[in-house]
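Here the protein sequences line up with chains L and E, keeping their order. Under the numbering used here, the residue at position 281 of the first sequence is numbered 282, and the numbers go up by one with no gaps. Under the numbering used here, the residue at position 16 of the second sequence is numbered 17, and the numbers go up by one with no gaps.
Among the clues, some could well be false.
Identical copies go unnamed one by one, so any copy, or any two together, can satisfy a pair.
[Unchecked claim] The calculated lysine-lysine pairs, modelled on DSS-like cross-linking and capped at a C-alpha distance of 30 Å, are:
hint : residue 1 : residue 2
1    : K5        : K265
2    : K51       : K112
3    : K265      : K241
4    : K196      : K219
5    : K82       : K5
6    : K241      : K182
7    : K43       : K265
8    : K143      : K5
9    : K5        : K111
10   : K206      : K219
11   : K182      : K265
12   : K265      : K196
Treat the hints as calculated values from the structure; they're not laboratory data.
There are 2 protein chains.
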Amino acid sequence: MAVKVGILGYGNLGRGVEAAVTRAEDLELVAVYSRRDPASVKTVTGVPVKSASLLEGGAEDLDVLILCGGSATDLPEMTPKYAALYNVVDSFDTHARIPEHFAAVDEAAKKAGKVGLISCGWDPGLFSLSRLYAHSVLPGGKDYTFWGRGVSQGHSDAIRRIEGVEDARQYTVPVPEALEKVRAGENPELTTRQKHTRECYVVAKEGADKARIEEEIKTMPNYFADYDTTVHFISAQELKEQHAGLPHGGSVIYSGETGTEGKKHVIEYRLQLDSNPEFTGSVLTAYARAVARLSREGGAGAKTVFDIAPAYLSPVSGEELRAHFL
Amino acid sequence: MAVKVGILGYGNLGRGVEAAVTRAEDLELVAVYSRRDPASVKTVTGVPVKSASLLEGGAEDLDVLILCGGSATDLPEMTPKYAALYNVVDSFDTHARIPEHFAAVDEAAKKAGKVGLISCGWDPGLFSLSRLYAHSVLPGGKDYTFWGRGVSQGHSDAIRRIEGVEDARQYTVPVPEALEKVRAGENPELTTRQKHTRECYVVAKEGADKARIEEEIKTMPNYFADYDTTVHFISAQELKEQHAGLPHGGSVIYSGETGTEGKKHVIEYRLQLDSNPEFTGSVLTAYARAVARLSREGGAGAKTVFDIAPAYLSPVSGEELRAHFL
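So here's chain L without its partners, still in its complex pose (with noise of 0.2 Å):
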């Protein structure tokens, strides 16, 4: 029987769950829910969409409900609150803020008897496995994360809230010889300007004082100050033909050594990505999977992608995964 699942949150990473539940055979997408009025929703898939106060005490028939809302505001309040009525999965990403949020889920889902997984995606997610993985391995080692080359929507939401700019996408790009020293397993000490550049693409209204505009972008702090930016203003006309996907990728670098000798090993994962909503839709959509399975067997509480084993998220027989993948 296929694995009812639920989207809370209808914008870019709904979309991404959306196309990946689809996909799979074993999972069945039951409804978007929106805190907008539903009929002004209209879905990719044509799924229907339903108002998200019907999750209301838990009463919509799903295995999981997708939380695809954003972070700072949305997830830590979400997850908790549903949690307590149906098995969820979420992609928070404030870092500083996952032990709060972990716990306030844990409670939750412990009391209701239900799993809540956050913190899913692919950073947190599975760059967090490959370096799990890695330092279990090879104690004592290094890991480096790159980003990019992608479009931060983070950073491209910034630059658009600068006076005279009507819209605007940046990429965040590793330096190539950042890159090329910790493959060789080098170890090297980088600072934070010394790992990734900044490129913007800004379409500035007109009139606009695009020096001005340029000085704030590069003097902006946390988002651009510690890093070289380069600013390019292009038309509207240009962001759209060129710009309008959403890729993105990076990759995990561990270095390690073993043995008397000092022995050296390198262990790279990487990700290269058309569409960073649709990839992370994906992994959101595999944990799901794995959440209701969990969920059958009688787990509960928080849980992340380090407490699930990986035959978890496949639809796949563990007979057929031992002939096939390993």
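Guided by the hints, dock chain E onto chain L, whose structure is given.
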């Protein structure tokens, strides 16, 4: 309290495990067990060597026994035998026989209430995990495994069995153009010959017919006939100086699509290893920790890397893992 580990078999892999257990603060290497006369075996770290016969009847005080025998003849007998007495980990890598090996270990381990983890290492092992995660996240894609550049001990041995050969080292080398196409997400159809080449460094005995040796290597069925093979004759001195190590590595590359437009995604897991046996030993050691924990929790039966939640590999607590690796 430290997890008590024993090693059965003291070849390259046994020494690799010894090195890894010694570096792990939460593990204690109790003894190396050997079928040879213990007095004739000297360990790198000075850990005691005992006769393998002491393992009979389950009398040794071990939390996990790591089996460092060969897949051809040792492990098919060893692993079920010792899984009836101890928690065990092996590196069984004869792909076609994994199902029957799993069944035999499962029966023995379940009867005894022990855990037997089979087919651990990097391939099968970490590479298998990479295949499973990728297929689960992006169903319907295609995986490619490239090995090398690295020394294949099986192929080196095959050359050594040729008349007139004193010593030999064989490197498996991925074809750069094939790697490039796969990394670009082109999903090419590749023959055996198109994926890897084989480089052989051979020390001929005095007066041996080198042309005949080269011909015998290049036409050897299964090992070389399906590959573009190059043969270099070198001196024993050069072999010792240039080819003493056992480096290896490779990549699992997966590409798949999402969404209605078929957005492409490429996932690569790459290893670059100065010492194949020391890295493999490190993987077995991390899984020995997991097996000990699973056993304490009441687990029993045969397992593979697919069945082990990643957190079990680490000595670090769940809180710390979430705070530092997620």
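Hint by hint, here is what the structure shows:
1. K5 with K265: between (47 Å within a copy, 27 Å between copies)
2. K51 with K112: within (27 Å within a copy, 52 Å between copies)
3. K265 with K241: Close across copies (20 Å), not inside one copy (46 Å); limit 30 Å.
4. K196 with K219: within (17 Å within a copy, 46 Å between copies)
5. K82 with K5: within (20 Å within a copy, 44 Å between copies)
6. K241 with K182: between (36 Å within a copy, 29 Å between copies)
7. K43 with K265: For K43 and K265, the Cα distance is within 30 Å only across copies (25 Å; inside one copy 53 Å).
8. K143 with K5: Answer is between: at 27 Å across copies they meet the 30 Å cutoff, but 41 Å inside does not.
9. K5 with K111: within (21 Å within a copy, 34 Å between copies)
10. K206 with K219: For K206 and K219, the Cα distance is within 30 Å only inside one copy (18 Å; across copies 68 Å).
11. K182 with K265: both (14 Å within a copy, 28 Å between copies)
12. K265 with K196: Close inside one copy (22 Å) and across copies (26 Å); limit 30 Å.
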